[in-house]
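Colleague: Chains as they are written, first to last, in my numbering: chain A, 218 to 569; chain B, 1112 to 2015.
Note that these hints are calculated values from the structure, not bench results. Note that this is a predicted model, so its numbers are computed, not measured. Glycine is no exception: its CB is placed at the ideal position from the N, C-alpha and C atoms. Certain hints may be false.
Some chain A residues close to chain B (C-beta under 10 Å, calculated; not the full set) [stated by the list, open to error]:
| # | residue |
| --- | --- |
| 1 | W312 |
| 2 | V507 |
| 3 | T532 |
Below, a list of computed lysine-lysine pairs in the DSSO-like style, where the Cα atoms sit at most 27 Å apart [said to hold, decoys possible]:
| # | chain 1 | residue 1 | chain 2 | residue 2 |
| --- | --- | --- | --- | --- |
| 4 | B | K1417 | A | K452 |
| 5 | A | K454 | B | K1486 |
| 6 | B | K1153 | B | K1477 |
| 7 | A | K219 | B | K1477 |
| 8 | B | K1120 | B | K1302 |
| 9 | B | K1172 | B | K1153 |
| 10 | A | K219 | B | K1153 |
| 11 | B | K1417 | A | K219 |
| 12 | B | K1518 | B | K1563 |
| 13 | A | K232 | B | K1512 |
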Amino acid sequence: MKLTMASSPHNHSHKSLTRLMLTVIAACIPGLIAQVFFFGTGVLIQLVLALVAVSAFEAAIMLMRKRPVWPALSDGSAWLTGVLLALSIPPLAPWWVIIIGCLFAIVIVKQLYGGLGFNLFNPAMAAYVLLLVSFPVQMTAWLPVSDLINTPIGFVDQLRLIFTDFTASGFSLDQMRTGVDGLTMATPLDTVKTDIAHGLTVTESMQKPLFNEWAGLGWMWVNLGFLAGGLYLLKTKIINWHIPVSFIVSLAICSAIGYIAAPGTEPGTLFHLLSGATMIGAFFIATDPVSAATTNKGRLIYGALIGLLVYLIRTFGGFPDAIAFSVLLINIAVPLIDYYTQPRTYGHGAVK
Amino acid sequence: MEKLLEQIKKGTVWAFPGGVHPPQQKTLSNSAQIARLPLPDKLVVPLKQHIGANGKLIVEKGQHVLKGQPLTAPAANWSVPVHAPTSGTITDIAPMPSAHPSALPELSIIIEPDGNDEWCNLNPAINPAKLSHDELVDIIHQAGISGMGGAGFPTYVKADIKQPIEFLIVNAVECEPYITADDVLMREHAKQVVQGIELMQQILNPTLCIVGIEDNKPEAIAAMTQAAEHNANIVIQTVPTVYPSGGEKQLIKLLTNREVPSSGIPADIGILVHNTGTLFAVQQAVYEGKPLIERVITVTGNTIHKPGNVWALLGTEIKHLLDCQGFSPVPQQRVVMGGPMMGFTLPTVRIGVVKTTNCILAPDHKELAEPGPEKACIRCSACADACPASLLPQQLQWFAKSKEYDKLQEHNLFDCIECGACAYVCPSEIPLVQYYRVAKVEIKEQQAEKIKADRAKERFDARKERLEREQEERQNRHKRKPAAKSDDEKQKVADALARVKNKSDNGGEKSAVAAAIARAKAKKQQGEELEPDNTEVAKERALRKEQARKYKEQKSQTDDSGDTAPVDDKKSAVAAAIARAKAKKAAQAQGDQTNTDDANTAAPVDDKKAAVAAAIARAKAKKAAQAQNEQVNTDDADTAAPADDKKAAVAAIARAKAKKAAQAQDEQVNTDDADTAAPVDDKKAAVAAAIARAKAKKAAKAQDEQTNTDDADTTAPVDDKKAAVAAAIARAKAKKAAKAAEQTDQPNEPSINEKSTDNVKSEESQTDSPADNKKAAVAAAIARAKAKKAAKEAQQTEQSIEPNIDESQADNVKPEESQTDSVTDNKKAAVADAITRAKAKKAAKEAQQTQSNEDTEQVTAAEPETPSETSPEQTAAQKKKAAVAAAIARAKAKKLQKEGNDQS
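Construct the complete structure from the given sequences, taking the supplied hints into account.
Modeller: Below, the structure is given as structure tokens:
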């Protein structure tokens, strides 16, 4: 009888990469819904564009590398990158923005480094930063929440805006971004930053219709959506608690200290936590396992450093938000962090 | 401490990090009673079923054995016997595929049962409680019990441990899915298991015995609790079901909150762990007198019709177990020995079960899916979260793939227990454990290679140094030569003669001989003590040497002093000249520690032969002087006294040959040897020797052939020719044997070759024995040349650090030969002499070997014989010979002194 030989263990937990990646994508859904609700269906268009683009690029590069296409594509990692990038850029950004982003993320940041598992940097965030520095106008053109828009934009108009830059009636995106008060709307983080630079206090700035009691209108809900998704990831043990918790705690502490030090020019902890990309960053971006620290102790340090950098850049830097920059910067430090945070192995060191 | 005991007694169980929860699948097999199987058609009992050495085979093919009869006897350390599992006939003893992941063939005894299942005489202990520690350990040892949980560590070694044991832990966790062997054993035989525990308590006297059982075995827990009720020192502890809580280290952490230090053993922290099955076997051995011949094995999996536990005789083929329980294989069937997490797949079902086999698992592909393709690691750290040793498998696999061995060790690869939890949870389905196993082997190989390389480098450096030194010596010699020539030869000769006369007047032959013998004996005694404490003697000799040197200097200064002694023999003059030359050479070789008392030994008796003898002595002395660490056997001296002149010459040749043989390992020198040997004008001898050498060389090259060392003692030479041929054959064989032996132990290669050729060469001397006096002189010259070579060689030998077993095996050949050689006439005696010397040297090396085995015993036993044979001859010898003997003895003394210096 011919017997099959195999190496132990002969059993497996049936966890798979695909399932892991798809779970993360699924966990994005609450945040996605909030985005669609407050910022229109443009984000869905971006999502489809991104998924098509990443699939095409991943397949192309696998063919060029003479590797099987489907196993690489089906692990879902490229799709996750596409989803995260689509969620990060302004919903009505021109179509080529997301395409360039996907190209950069998949081909350069991921595959040129050796493919999944070998990339030093978070592909979605590297692409985001590339887009931000290359196309600052398009990348900061966030619409105000639908409630505040002068003339609500329908799905077709959004489609036209993305692909042709103009609505059917010939308005440009800039014209469409005009708020009810006739002024162009920026994101809450941007607004506060600009206002403070103009000598207003935070309280005065937050009097604007852009804000509710705690944070930016709409943005708060988007963040809460991602928080919910993140909690689901924690519960399913897809991610460990270390990075999101240390990130959030670190950002909270920093902003609290800042608020106590300068209450007039500091927007406070809640504002920081529920504005911009804080929650998607904490649960979906910083936790990208490939580019994050891999030891639990290291993850605490990693998360905390990101939190610190986010606060510093938001408060003192030139950009309104800072998740992408912070994550990329700390990605660089990961090998070092990992090396010095090895857990104590059984039988080594202090045992009573 | 008190607190810990209290906590344990209260039932506190700690936790270890990580762990996984694979599907248990235990209910498949734990509902039925342990079944008895019909006798199989044949049993394949491997000699080695445990960690440690094989037992010694004590049965032979065709023998009828009874059930329980020992088939092997414990021999070396950590060897436990195996027993006949049933009565029957031994049909074969041959290597068979073993129950090991590699299935490498292992020497096995194949028994065909006679169907009677007839026990041999059993000797159950009448009152086990009265047995002493040693008696119990011996019973356990003789019963062939080794750990039955997995590793197969000899139980008697654990029982006989010297460290104080605080906690005896019984591993009844059985955390691997599917396996229920211990579970059902405890349910059915809790009483016996507890008796086994109590025996262990009796042996080890621990403070507390803790039985750890996973909470998925409530029946076993109940049975054990009840059985151990009467003994307050046994605590039954329930541990949560987590894989791998049954790992020794994990269980210790669970039950005592202690950690076994890395690369330590549990006994280091006062803990000993035994498996349930082992304790049952101990109880059977003591109470019933039954050796370990059967064990409980779980036969399970979805392809088995009747999954359950069976009593399987050791050696039962897996096929029999599967057939008895009903087995319908699926395509690409896997049959796993052990559990699904740590078990290994078998290449064939024609493998006998062994003492460590606890489960045969034949799963289908639904319950245990075949591994999917390996994907890239995304560093999700699921593996690190599952690792019970708190390692970072994700990092380890990265380093293992890129072969970064330093990093692997920095990340404590060797603390990996290969439990497979990491690979179990890996979403990328990376066979992590496999990577670690390979990396571990590679690192170990690398380390071994490094040691080898270091040693080679050492040797190389030493050689370079030696060559440089030699070159320097040569240059010095050239410088001094003119001065030597300016000496008046005749005067020198006269001086020498005078000295000799002086001496013979002073001493008298008998006393000289007696002194030589006495010295030699004293030396031998010291040699036997392994650590000769001869610093005092050495000092004495050093003093004497000093005087000799002074004397010589003085002499060379006062060359023109009157010639008092008659110059009556040209030849003696020549001999003396040679002697002087040699003495100088020796002096240079030694730096300030010159062997200038060669001058003494150089004193030629007005006889050719004396000159020859002296030359020999000098040659030897030189060699000795250069030998630094070598503990040269002091026996040399008393055997060295040659019976008559001729024989002296012969002996010289023999020695020369032996030395040449020492160089044969380099194989470059052989051609020179051939040249120098040519002048011996006994044609036959020369031819024979040449043939022999050629053969020996050829044999040395023959690598793979395995010949018995026994072959060598077939030589009983009658006349010279035949002797030569026989010797040649013997030599070739010995070499071959040495080679064969060497295959098992490569690092020691050079020393083996040397030794074996050594043996052989000394025998060669027989072929040269017909040489007459003239030839003797020539031979002496050759001998000197050789001696020098040998001296270099000796240095090299020192570098080879470990004298080894193979050497001693080669030695074995020698004693037997020497006995055949001990012939009554003088010639032969001389030959024997030479051989003895060669042997003695070898023996000295041997003595260094502390872990000596029976081989060494043989050698040392043989030693005393030859000297006693030769000494009567010495006393019968004439005066001349006595002088020669004295000279030789002095030479030896020098050697010894040199040794003394080195040691001090």
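Colleague: Evaluate each hint against the coordinates.
Modeller: Hints versus structure:
1. W312: violated (30 Å)
2. V507: holds (5 Å)
3. T532: With a minimum Cβ separation of about 32 Å from chain B (threshold 10 Å), the hint on T532(A) is violated.
4. K1417(B) - K452(A): violated (40 Å)
5. K454(A) - K1486(B): Roughly 20 Å separates the two Cα atoms, so the pair holds.
6. K1153(B) - K1477(B): violated (34 Å)
7. K219(A) - K1477(B): At roughly 19 Å apart (the allowed maximum being 27 Å), K1477(B) and K219(A) satisfy the hint.
8. K1120(B) - K1302(B): Satisfied, since the Cα-Cα distance of roughly 21 Å is no more than 27 Å.
9. K1172(B) - K1153(B): Status holds; Cα separation ~14 Å.
10. K219(A) - K1153(B): holds (22 Å)
11. K1417(B) - K219(A): Since the Cα atoms of K1417(B) and K219(A) sit roughly 22 Å apart, the hinted pair holds (cutoff 27 Å).
12. K1518(B) - K1563(B): With a Cα-Cα distance of about 23 Å, the restraint between K1518(B) and K1563(B) holds, given a limit of 27 Å.
13. K232(A) - K1512(B): Given pair K232(A), K1512(B) holds - Cα atoms ~22 Å apart, limit 27 Å.
In summary, the structure is inconsistent with hints 1, 3, 4 and 6 from the numbered list given earlier, while agreeing with the others.
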